[in-house]
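Protein sequences appear in the order of chains A and B.
Just so we're aligned, residue 1 is where the first sequence starts under my numbering, counting upward by one.
Just so we're aligned, residue 165 is where the second sequence starts under my numbering, counting upward by one.
These are computed hints drawn from the structure, not numbers from a lab.
Glycine included, every Cβ here is placed at the ideal spot set by N, Cα and C.
Treat each hint with caution, since some may be false.
Across the chosen pairs, the derived CB separations fall in these ranges [claimed, not checked]: (1) A:P24 with B:M226: 26 to 34 Å; (2) A:A84 with B:M165: 19 to 27 Å; (3) B:P192 with A:P65: 50 to 58 Å.
One letter stands for each residue in the lines below.
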Amino acid sequence: MLDDQNAKSMSIIVTKGTLDWAYPPFILATTAAAMGLEVTMFFTFYGLHLLKKDLNLKVSTLGNPGMEMPMGGMHMAMPNIMAALPGASALTTNMMKNLIKKKGVASIQELRDLAIEADVNMIACQMTMDLFEIKREDMIDGPSVGGAASWVEVATKSDINLYI
Amino acid sequence: MADMILDAKGLNCPLPILRAKKALKELPSGGTLEVQATDPGAVKDFEAFCRTTGNELVEHHMDGNTYVFLIRHTG
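Same shape as in the complex, but just chain B (with noise of 0.2 Å):
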């Protein structure tokens, strides 16, 4: 169970993207997010968010219509 979830469903780039970033922020070092969102495009765009910043993607995948990510707030 992530300590945070994200509603990110119905949202189109960059939108799940930033309230993401926004999560994060709020989250201490180590701490996990989970992120739910419709858009297929958050696919390739978490992956390049998270080699980007630093962030550890530690897994993603489908829950019916919706993308599932979680990622660890890692530095």
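One chain only, chain A, in its complex shape (with noise of 0.2 Å):
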């Protein structure tokens, strides 16, 4: 079938860690693989999280303008000197996951599932499960682990290379 032998292919360079953030790459690595490509994620530094079995991601106003909220009809930016505080990041994840069961976004989790049931290709760094002591226990099953040449074989091939 045609859908199945689209011989492109995409690769992401996961490098964030946070419930926003998750999003970009596994909405582009999923929607890409639906669109019959062979998709590569490359997890390192934080985006190493997303690999992780207990996935306990959390959004931070913090230093962050451009992130305004609705609430009480309005769009809130939380300033500075509040997201801050202590719960300011708890509160600001909660009504992010709020607003994407609301909005009908899948969970990252989902997401997740998805990219894996697509057969998309998973690479965990080495060199941060290192730094950042993480077991390979820890995370999910499936992903292989590699270093940047694992990435830099894949990005030779690749007709879109991407960094998030």
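Two chains, two frames, some hints: make the complex.
What follows is the structure, given as structure tokens:
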């Protein structure tokens, strides 16, 4: 079938480990896979947290004036001085999770499962595992463990290479 | 009447596309899938999806607040 023979490919370097920034790589990876592309995701630095069995992702508005959330009919950005207070991140994370549900947006867990189901090739960065002391057993089954050379090899053959 | 109907109403990007892809896999070549979606972005996305995958977007229209797509699994 034509849609299974689309030989295009895409690689994504995933560097961010917050709830909001977990979306772009997983949305693009699952969509590209659905469109017949071969997809590779390389999880490095904070992005490696997205491979943990126990996903406990949070958002922070600190230093992010672009983040406005609907609140009481308005859109509010949290001033840095408030975002730095204890509990602010938990509050923002809860608001974001409620919004995600309300707007019919998939959870990261769901998108990750869909990516695995679609045979997205996932590579966990060995150096980051050593650096942050993340054990293989802390992460989901499936991803292989590799280094920069593993990504470079994939990237040289990919039509699209993204860094997120 | 389509061979299969997919209710993707209330779902946001990229779920309508992902669900449609899954449904198309279950259809034989030449089979038709009707996707019902409420995501306004779905119009442009289903056009792009079909162009890239080689499936045929037979037609799409609006039914009230719902976007209805008819896709033929081709290849």
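Practice item. May I ask you to test the hint 26 to 34 Å on the CB atoms belonging to P24 (chain A) and M226 (chain B)? Key: holds (29 Å)
Review point. P192 (chain B) and P65 (chain A), beta-carbon distance inside 50 to 58 Å?
Key: holds (52 Å)
Review point. CB of A84 (chain A) to CB of M165 (chain B), is that within 19 to 27 Å?
Key: The hinted range 19 to 27 Å is violated for A84 (chain A) and M165 (chain B), with Cβ atoms some 58 Å apart.
Violation of the numbered hints given earlier is confined to hint 2; every other hint is satisfied by the structure.
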